[in-house]
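Q: Residues per chain, in single letters:
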Amino acid sequence: MPRHRDEDDDVDEEYDGTELEEEEEEEEVRGSRGSRQKRGRSNFIDDYADEEDEEDDDEDYGSRVRKGGGAKKKKSSASIFLDIDAQVDDEEEEEEEDEENDFIDAGTDLPEERVGRRYDRRFQEENDEDVEDLERRIQERFSRHHEEYDEEATDVEQQALLPSVRDPKLWMVKCAIGHEREVAVCLMQKFIDRGSDLHIRSVVALDHLKNYIYVEADKEAHVKEAIKGLRNIYANQKITLVPIKEMTDVLSVESKAIDLSRDTWVRMKLGTYKGDLAKVVDVDNVRQRVTVKLIPRIDLQALASKLDGREVAKKKAFVPPPRFMNIDEARELHIRVERRRDPMTGDYFENIDGNLFKDGFLYKTVSLKSIIAQNVTPTFDELEKFNKPSENGESDFGGLSTLFANRKKGHFMKGDAVIVIKGDLKNLKGWVEKVDEENVLIKSEMKGLPDPLAVNERELCKYFEPGNHVKVVSGTHAGATGMVVKVDQHVLIILSDTTKEHVRVFADHVVESSEVTTGVTKIGDYELHDLVLMDNLSFGVIIRLENEAFQVLKGVPDRAEVGLVKLREIKCKLQKKISGQDRNKNMVSVNDDVRVIEGPSKGKQGPVRHIYRGVLFIYDRHHLEHAGFICAKCTSCTVVGGSRSGPNRNGGDSVSRFGNFKAPPVPSSPGRFQRGGMANNSGGRHRGGRGGRDDSLLGTTVKIRLGPFKGYRGPVVEVKGEHVRVELEMKIVTVKRNEISDNVSATTPSRDTSRYSMGSETPMHPSRTPLHPYMTPMRDSGATPIHDGMRTPMRDRAWNPYTPMSPQRDNWEEGNPASWGTSPQYQPGSPLSRAYEAPTPGSGWASTPGGSYDAGTPRDHSSAYANAPSPYLPSTPGQPMTPSSGAYIPGTPGGQPMTPGTGLDVMSPVIGGDAEAWFMPDILVEVHKAGGGGKDVGVIRDVSDGTCKVSLGSSGEGDTEMVLPSELEIVAPKKNDRVKIVGGQYRGSVGKLIGIDGSDGIVKIEDNLEVKILDLGILAKYVLR
Amino acid sequence: MQLHPRFFGRNLRENLVTKLMKDVEGTCSGRHGFVVAITGIESIGKGLIRDGTGFVTFPVKYQCVVFRPFKGEILEAVVTLVNKMGFFAEAGPVQIFVSKHLIPDDMEFQAGDMPNYTTSDGSVKIQKECEVRLKIIGTRVDATEIFCVGTIKDDFLGVINDPEAA
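Protein sequences, first through last, are from chains A and B. Taking our numbering, I'd label the letters of the first sequence as residues 125 to 1149. Taking our numbering, I'd label the letters of the second sequence as residues 10 to 175.
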C-alpha cells in the first residue's frame, strides 16, 4: 500500500513515530531497489564528507540526504525526496551506471539547490550530527529493508500485500471540516499517552478529503473508543467501514505525481490568472511550489493609486487583460520599481509591489496544487504572446516538446513520416514502422543506421513537407483539411481547403490525408454552405462552422452581413429549388452562372448556390471572404454562359441540352420584343410538363378523381410508375395514377396524366404523337390553362428541374411569343396595350414561326417550348399545325399540356405582378457595344424583329443605329423623371416617377392619374421624340 | 453517353461524337485531370434504351488529351488575384495558389488598388495579370476541380512577363 504522498509533513512525521506499519509500507515502495539505492547514497555521502566545503551539486545532494537521515524533524519531507530521487536514480542506473553524474545534475534542479543550501547552512550551524553517524543510520535503515524486500516484488506478491479479511479494517470517521489533520494529530497524541490501550493502528487524514479521517482498527468499538472525547469529532458520529476493495484506493495516490520540469506549460487554477497559460521556470519539490512565468494581468493605474495610499475601488468583476509589464510605464505612474538580483540565478528582477517581473513577464511562485499541468495544450495565440518579448533569435517553440507529454496514445501510426527532434539523431527523418509503448521503431533512409531504429516517442515529431495534404485532428482547428504551405519547426502553415486561409497548427495535431473536408462540415442537420432559415426569419448561407455555432452570411443583399448563429437559432434548412429572375428577366436557377452587375460586389461572377426570396447566393471562387459566397439581389445580376448543371439534371433537362446541341445558339430572334407580351412567359413555363419524365408531376397540385380519396387535393410528392404519392392537407397517401387529375385537369377533366406520356414514350414517331396533345388543349381552350395557372400560382419552379439559362433561352422566351402576343384574349387580366399593339395575328405568324425558328432561334428548349404553349394556339385557328411547330415537336413530346397552368404562374405578369421588361420605343437606354467600345446612351426609336433602332444621345439627337437588345440596358429613371413602363400590367403606359422606395418606384400613370408602385426594373426613362 | 432519340438516324455516330466533345471537353475528372481535347474515338458500344425516357445510353471509349498537374511540375501561369496571403494564378483551367510563405522572403505585400508583391528594390512586382513561372508543390484533386499549391521560392521561378513593364 503506497503511502499517500500528499500527506502533510507533520502528520506524516508523527505517523513515522507511531505507526511503524505504515512506514514499512512506505519503504516497501523503494524496498525493492534497496540495494542499489543504498550504494548510490553512500557514495553521495562520501562525497559530501570529502568535499564538505564545496558548494557543488554533490554536496547539496549530500546535505539533503543527511538532513533526511539525521534530522528526524525533517525526515519525512526528505524521504519524499529520497523516494523521488531514488526512482530517477534507479532508472538511470538501469540504463547505465556511468550516468550517475548526469543524474546528479538532473536531480539538482534549482529549487532543490536552494533548499539544499538553506538546510545546509542550518545544519552547519547546529552541527550536531556526525557524518559517520548519519551514514551508519542510513546503512542500517536501508539494509533492514533490504533484507526484508530482497527480491523484486512480483505481481503476485503485490497482490498478497493487498488487505484481506484478516487485516485491520479502515473506518471512515466524520470530523469537523478543516480539522482533519488536527484530529489525526490528537489521536496520535492520545496513542502516545495511552499506549496500547488504544487499539487503533493508524489514522489517516487526506488532503483531498474534507470532513473525514480514516482510522485503521480491527473493530469498530476500538475506533469509537479512540475518538471518544475528541473535540472535533462529534459524539455518536456514524462510523463507516471502508470495503476491503476500496481500501487500497483510499491510500493510493490518485494520480501519479506530476513530474513538472522546467519549461513545461501549465495553466493556473485559481485567482486572477485562472486559466492563463504559464511556463514553469522553477520547481521546488520540497515545498511543493513552482515558480511560473506569466503574462501579467496588472492594472497599473490601480496599483499606482494603491501604492499612493489611495483607496482603490474593489472591482472584483474586472480582470485586467494580460499584457506585458512595461517598467517605464510603471515608473511614470510613480510606482516604485526595485531592481534586484536574484541571488540564486543571478538574474535581475524588477520588483513592483512584491511581484517579480522580468522581461515583462511576471514571475510568480505558487503552490503545485494551484496549477494544472496535465492536458495543457497551449493555443497558438498564447504561445505567440509568450514568444513576443524574447524575439532575439530562436523562437521559444522549443517548449513545444513539452507538449508532447500530452500526446494521446496511438499518436504515431505506422507509415507516419517523423523527424527526430532531440538527441544525437536530431533531424533524422524516417517512417514509423512499429509503435511500442514508449518507443517507436522508425525506418530511415540514412545508411549505416540500424534498421529499424528505436526512438523514444518523445523525441519524435511528425514531419510534413510543403505540399502535403493534411487533416487537422486536434486542437482548435480540428477537422480542417488543407495543404501544407510552410513548415516551421513543429508548426505547419496550412492553406485550408474551404476557407483558403492560412491556418497555423502544430505538426502534432495533423495527419496526412487525402480527404478533403471543410473542417467540421456538419452540425446537426446543417452542413457547410447550406441555406438556412433562422429564428428571426432571416436567412443565410453557412459559411463556417465553429464550435456549436455557425457563421452565416445573411441574405442581405448589397451588404455582407455575417452573423454567428447557434444551432438552436436555426429553424430549418431551405432546400427548395426556387428560381428567380435576373435583371433581364432571365430565369436564374441554382448552379447557373451569374454576374453581379450592381452593388458592392459588382463584377463578381460565379454559380448560384442558393436562391431565396429574390436573393442569390453566388459562389465566386475568387472571392475570399465569406467562404467565397456573395449575396446579391436577383435583379442586380445577369445570367451568363450556359448552364453548368446539365449533366446532373434529370431527363427533362437533357432534352434541352439536346436541342442545344443540335442547333447552335443564335442570338436574338427577330421580332420578339415587340410582341413579347406576357404570354410567352406562360409558354416557357410549360416545361414542367414536357419530357414525359414523371418528375413533371412532382409538385403539381392534383385532385384525386377516384377512390377513397376522391376529391382530395394536394401536391404530388413522389411519382412511382403507376402510383403517385400525394400530400393531402392532412397526410400523404398513395393513389393510383389514373385516379388523380392535376389541377389543370380539374377544370379540363378530359385530360389525364396518362396521355402526356404518350409523346415521350413513342420516340420514334415524335412528330406525330405530340400532335395529339396539341389538339387537346384546343378542345378545351375554353377553359384555358391560363385560368388554372392563375388559380395555382407560384407552383412552378420549385419542382421544375429545368433551369434554362443559356442565352438562347431568353431568345425563345421573347421570340416565340410572337405567337402568343397575338392571342391576348387568352390572357385575362393582362390587358396589355403592348400586346394589342403587336402585329395582327396573321402577320405574327407570318413572320415568326418560320422566321424565328428557322432563322436559328431553334435553340434548345425554345423549339421545344415554343410549341408547348400550344394551348393558346386557338387564337390563330387554322394554324395550329404550322410546319415549324411540327418540326419542333420532337423536343416537346407532348408533355407540356399536362401542367400548363402550373407552369405559368410565377412569372406571369398578371399574377406575379412583376413583369419582364421589354425594350420599347421612346425609352432611354445605355448601349454597350459588343466590340468593347464604351457606353453610349440612346433612345430607342423603334423595335422590330429583335433589333432596336437607337438614336444615340441622351435625347436621341445623334446617329441612329441598329442595336441588338442584348447590347442595351435600360437606363433607370430618377425621381420626377417621366417614365415608360416597360413591363407588367401597365406596360406601355407613360407616367411620372414620383418616388423611389427601395427597389420599387412609385409611378403616377399619366393616362388615368393612378398611382402605382412598380418594380424599378420595369421602369425606363421616357424620352419624348 | 446518353442520346436523345431525335438524333437517331444516319448521323447518329456523328451526333454522338459531337455531343461527347461538347460534354466532356473542358471537364475535369479527379482521376485523369482536365480533358483538353478528344483525339479519337476507340469504340462505340451498343446502346441501351432507358425505360421511360427513350434515351439511349452508349458506352463510348475515347482518347483524349488531358491536363493534370503533378507535384514538382513547373508551370507558367497568369496571376489572377493577389492578396495578403499570397496570390492565385491560373494555368489553363487549374487554379494555383502561391502562399506568401512560398514567395521569396524579400518580396513584400503591398496593399492598395492593385495589390502586389514587390521586392525591396522594386525591380520585381507580382500583380494581377502577371505571368509567373511556378513549381507545384501539392495538388488537391476533387471530382470536379483541381487545385494546386505552388511556390516561386526557387531558382528560375518567378515573374516571367509583366504586362505593365512590357
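Derived by calculation from the structure, the hints in this document are not laboratory data. One or more of the hints may lead you astray.
What the hints assert, rightly or not - Here are some chain B residues pointing at chain A (derived, C-beta under 10 Å):
1. 113
2. 118
3. 121
4. 123
5. 132
To be verified - Derived DSS-like pairs: lysine-lysine, alpha-carbon spacing no greater than 30 Å straight-line:
6. B/31 / A/550
7. B/31 / A/728
8. A/726 / B/109
As the list claims (entries may be wrong) - Label-pair distances were calculated between CB atoms; the ranges are:
9. A/1079 / B/33: 23 to 33 Å
10. B/34 / A/738: 54 to 64 Å
11. B/93 / A/1088: 52 to 62 Å
12. A/727 / B/79: 40 to 50 Å
13. A/688 / B/132: 41 to 51 Å
14. A/1131 / B/61: 46 to 56 Å
15. A/555 / B/61: 48 to 58 Å
16. A/569 / B/83: 24 to 34 Å
17. B/48 / A/830: 51 to 61 Å
Every residue gets a Cβ at the ideal spot worked out from N, C-alpha and C, and that includes glycine.
Q: Give a verdict on every hint.
A: To see whether the hints hold, each was checked on the structure:
1. Here the hint on residue 113 of chain B is broken, as its CB sits about 13 Å from the closest CB of chain A, past 10 Å.
2. Proximity of residue 118 of chain B to chain A is violated relative to the hint, the smallest CB-CB distance being about 13 Å (cut-off 10 Å).
3. Evaluation of the residue 121 of chain B hint against chain A yields a violated restraint, the C-beta minimum of about 17 Å exceeding 10 Å.
4. The interface hint given for residue 123 of chain B is violated, since its Cβ lies 15 Å from the closest Cβ of chain A, which is over the 10 Å cut-off.
5. For residue 132 of chain B, the shortest C-beta to C-beta distance to chain A is roughly 25 Å, which exceeds 10 Å, and the interface hint is violated.
6. Our distance criterion of 30 Å between C-alpha atoms is broken by residue 31 of chain B and residue 550 of chain A, whose separation comes to about 56 Å.
7. A C-alpha spacing of about 26 Å is found between residue 31 of chain B and residue 728 of chain A, which places the hinted pair at or below 30 Å, so the restraint holds.
8. Under the criterion of a C-alpha separation no larger than 30 Å, the hint pairing residue 726 of chain A with residue 109 of chain B is consistent with the structure, at around 27 Å.
9. Between residue 1079 of chain A and residue 33 of chain B the CB atoms are about 52 Å apart, so this pair departs from the stated range of 23 to 33 Å.
10. Restraint check, residue 34 of chain B to residue 738 of chain A: a C-beta distance of roughly 35 Å breaks the suggested window 54 to 64 Å.
11. The supplied range of 52 to 62 Å is broken by residue 93 of chain B and residue 1088 of chain A, whose beta-carbon atoms lie about 42 Å from each other.
12. At roughly 34 Å, the beta-carbon separation of residue 727 of chain A and residue 79 of chain B lies outside the given 40 to 50 Å, and the hint is violated.
13. A hinted range of 41 to 51 Å for the beta carbons of residue 688 of chain A and residue 132 of chain B is consistent with their spacing of about 45 Å.
14. At roughly 53 Å, the beta carbons of residue 1131 of chain A and residue 61 of chain B sit within the given window of 46 to 56 Å.
15. Remark: the range hint 48 to 58 Å for residue 555 of chain A to residue 61 of chain B is upheld by a beta-carbon distance near 54 Å.
16. Distance hint check: the CB atoms of residue 569 of chain A and residue 83 of chain B are about 25 Å apart, consistent with the given range 24 to 34 Å.
17. Evaluation of the 51 to 61 Å hint for residue 48 of chain B and residue 830 of chain A yields a pass: the beta carbon distance comes to about 58 Å.
Hint violations for this structure: numbers 1, 2, 3, 4, 5, 6, 9, 10, 11 and 12, all remaining hints satisfied.
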